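Asker: Spelled out, the chains give:
2 protein chains.
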Amino acid sequence: MNPLRPDTGDPITSVSTPAPIIDENIMARNIARVQTYMDEHGLAFRPHIKTHKIVAVAKAQLAAGAVGINCQKVTEAEIFADAGIGDILITYNIMGPEKIGRLAALNERISALKVVADSHATIEGLATVFSDRKPLTVLVECDTGGGRCGVQTPEEALALARQIIKSAGLSFGGLMTYPKPGSAAQIESWFSQALSLLSANDIACPTVTNGGTPSLFQAHEVRSATEHRAGTYVYNDRAMVRAGHCTLEDCAMHILATVVSRPTADRAIIDAGSKALTSDLLGFEDFGYVVDYPEAVISVLTEEHGTVDLSACTGRRPEIGEKVRIIPNHTCVVSNLFDEMIFHRNGNVTRVEPVAARGMVW
Amino acid sequence: MNPLRPDTGDPITSVSTPAPIIDENIMARNIARVQTYMDEHGLAFRPHIKTHKIVAVAKAQLAAGAVGINCQKVTEAEIFADAGIGDILITYNIMGPEKIGRLAALNERISALKVVADSHATIEGLATVFSDRKPLTVLVECDTGGGRCGVQTPEEALALARQIIKSAGLSFGGLMTYPKPGSAAQIESWFSQALSLLSANDIACPTVTNGGTPSLFQAHEVRSATEHRAGTYVYNDRAMVRAGHCTLEDCAMHILATVVSRPTADRAIIDAGSKALTSDLLGFEDFGYVVDYPEAVISVLTEEHGTVDLSACTGRRPEIGEKVRIIPNHTCVVSNLFDEMIFHRNGNVTRVEPVAARGMVW
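Protein chains in written order, with this note's numbering: chain H, 13 to 374; chain P, 13 to 374.
The hints are simulated quantities; they were obtained by calculation from the structure and are not laboratory data.
None of these values were measured; they are calculated from a predicted model.
Fair warning: there could be bad hints in the mix.
Same chains, same names: a pair is fine if it fits in one copy or spans any two.
[As the list claims (entries may be wrong)] The calculated DSBU-like cross-link candidates involving lysine-lysine, where the alpha carbons are at most 35 angstroms apart (straight line), are: (1) K335 / K192; (2) K146 / K335; (3) K178 / K146; (4) K146 / K71; (5) K335 / K178; (6) K192 / K178; (7) K71 / K192.
Take these sequences, add in the hints, and give me the full structure.
Answerer: Laid out in C-alpha cells, this is it:
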C-alpha cells in the first residue's frame, strides 16, 4: 500500500512521487478502440491481465465485449476467479503437484478454465490429476516464430493434440501462439498447416488464439485465428508507440516523478529509479520518455534515482521540486512494482485501485 | 505473500518456483567478514537495508556491530523504526510537505535520525518544519565522482553546511558521498579539501560517510571517512563477483527456477522472467548466472519466461521439470519483487521472512 495515498478529487499533480498514474479517458478509449476492431473482424478478444493486474480494469474490458481473460500463472487466475470471472486462459505450462493441485481446485469453481502445454511431460503431469468428471481444457502452444515456448512443427502439435485427447481428464482446446510481431503471414502459414493436419485426422480445433499488442491491428490477417489476446494496449507505452500501434497521446500510464537534485546545469536527478520505472530497455537506450521535456534523456537508473541528461534541452530546464511525467518503456513491469494504481480524469484523482495480482509469479 | 510458501524444514529444492532463496551460512559469513574488516580499520559501519528490506536481517547486522542503518526513503525508515531501530541515516533529499511531515514525526520517536541534502532548496524545505526543540541532523551530500546527487565542490559543501547551521531546527551532521567504485584517492582528496575548508571556518564535522560494496575492502584508503555504508555485501551478486568483491561461493541469494519447456535442443525456458530476476544488466549481456549449467546463457527475459541458450553447453542439458539455481546480476532489485524471502541452511528451509520494506519508494 502507498502510505501516502491521495484522496479522490485531489489534484493529480499533488500525488506523492514516484507514482504510476492512469488517465481514465485514455484507458477507456484504448479499450473501446481495440474491442471495436476485434468485433469488426469477428475475432474473439481475450485481454491479458499482465499489464494492469487489476480486477476493476479486467471487468471494464469484459464489459466492453471481451470473451474472457488471459493470465500467465495459477495464482493470478485465482485472484480474478475470486472476483467472479469465469473464462480464464492460462498461457503457461503448469507443472509440479502443488500448482496442478491448485489448478484442479480452480477448475472446480469456474466455468471455463483453459491452459496450454507444449510437451508430453506437461500433459502427463496434468493428466495425472484431472478426471473426466470435469476435464481440463488444454491448448497446444505453437512456436510460430516468437522463439519462446511452443512446439516447433505442426506435426508435433498434432502429436500433443492426440495425447490430450487420449487423456481421460483432459480436453483438446485448440492452438495458441505467442507470436513474433509483424509476422502475420508466417503465423497464418503455420496455423493453416496445423489445422489441415488436425482436420485430416478428424480432430476438431475449437480455438486458434493469436496474441500481442505491437501488431494488434493486423490480427485479422491471421485468418485461421478465432481469438486474439493482448495486454499492453490497455495502457500502452513507449515501446508500443515505436511499434506503430499508437501515439504518445494514447499512453494512459505515466510515472509522476519529482526533481530532487540539480547537481549541474546538464544533470537532473528524479525520484523515479528502477524501483519505479524498471530497467526494461526493450531496445531503447534510455529508460523512459519525459513528456514535459522531450529532449531530456533518462540515461542511468539506480534503485531510487533517475539520472536525467539535460544537455540536449534547448529551452527551459526542470527545477528542484518540479514534477515531471514519464511514459515508461514497458508498462506491464511497472504495474508489478506498485501495490496500488492511481487513476485520474481531467486533472483529478478518480480512484485508487489495488494491483491485486502484483507479484503473483507462481 | 507467496501463496505457495514452504514450511520450516522442507527441502529447499521443494520450494515452488520461481523463488528467491538465501543461504543462512553464506549470509552470516558475509556479515561477519565485512564487520570484522570495518572494526579492524576503526570505521563505523552502517548497512544499507536496500538489499534485503528485512527487519530480521538488519537486526543481525546490528548485532554484529553495525552502528545503525542506512535507508533511502522515509517510508522505509518508518518500518525499521517500528522494529525498534533508533539510528537511521536516510541518504536522500527529502522534499514536499507530506514527506517532511512524516520525517518530523519520525524524528520525534527515534534517537538518531539523519538525512542528507545537496541544495539550498532541500535545506529550506527541512528548515520550515523542524525546530530547535529536537533538531534534525543533516549531512551534505558530495558528488566525489559518482555522478548522481551531491554538491560539485568543497566550497558548495561549506555553503550548505553554513545554511544548515544557521537553520534553528537543523544540525550539521557531516559529509556523505555515493562514490564511484575504485576511486579511493579521488574521494579522499575531495573530502580532505572539504574538511580543511570546514575547519578553517570553525565548523566541526562529526561524520564523514563513504559507501558502496564494490570497493568495500578499500574503504580504509579513504582516511578522512569515519563511517562506511554498504548494502549488497550481505547477499552479494554476480556484479559483485565481477567487481572482485567476492566469489560465486559468497553469493547468498539464488533464484530457484524450473525448466518449463525445452522447445529445441539449444533452448530451455525457465519460469524466472523479469518479474523474478529483473531486467538489470549492470553491464552484463545476459540476465543471470546459472550455477548448475555455467555455460548456459539467459539471453532473453519476458515477464514470466527466461529464455536460456544452451548452445555452449558441452555436457548434460537441463530437462523439463528440472530446477536450476541462478545468481542474479543485481540482488537488491530482486528483493524488491517478492513479499517474502525464503532462508535455508544445509538444504532445508529455516524461515520465511517478510520483505517488509518492499515497494517503499516514498
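Asker: At most 35 angstroms between C-alpha atoms: does K192 with K178 qualify within a copy, between copies, both, or neither?
Answerer: Intra 31 angstroms, inter 62 angstroms, cutoff 35 angstroms: intra-copy only.
Asker: Between the shortest in-copy and the shortest cross-copy C-alpha distance, which are at most 35 angstroms for K335 and K192: within, between, both, or neither?
Answerer: Between. Shortest inter-copy distance 28 angstroms satisfies the 35 angstroms Cα cut-off; intra-copy 37 angstroms does not.
Asker: Between K146 and K71, at a C-alpha cutoff of 35 angstroms, which is it: within one copy, between copies, both, or neither?
Answerer: Answer is within; shortest intra-copy Cα gap is 26 angstroms, inter-copy 51 angstroms.
Asker: Go through the copies and call it for K335 and K178: within, between, both or neither, with a Cα cutoff of 35 angstroms.
Answerer: Between copies only: 29 angstroms across chains, 60 angstroms inside a chain, cut-off 35 angstroms.
Asker: At most 35 angstroms between alpha carbons: which applies to K178 and K146, within, between, both or neither?
Answerer: For K178 and K146, only the intra-copy Cα distance (15 angstroms) is at most 35 angstroms; the inter-copy one is 76 angstroms.
Asker: Within a copy, between copies, both or neither: where do K146 and K335 come within 35 angstroms Cα-Cα?
Answerer: The answer is between: 31 angstroms across copies meets 35 angstroms, while 54 angstroms in one copy does not.
Asker: Evaluate K71 and K192 at a C-alpha cut-off of 35 angstroms and name the case that applies: within, between, both or neither.
Answerer: within (28 angstroms within a copy, 49 angstroms between copies)
Comparing the model with each numbered hint stated earlier shows that all of them hold.
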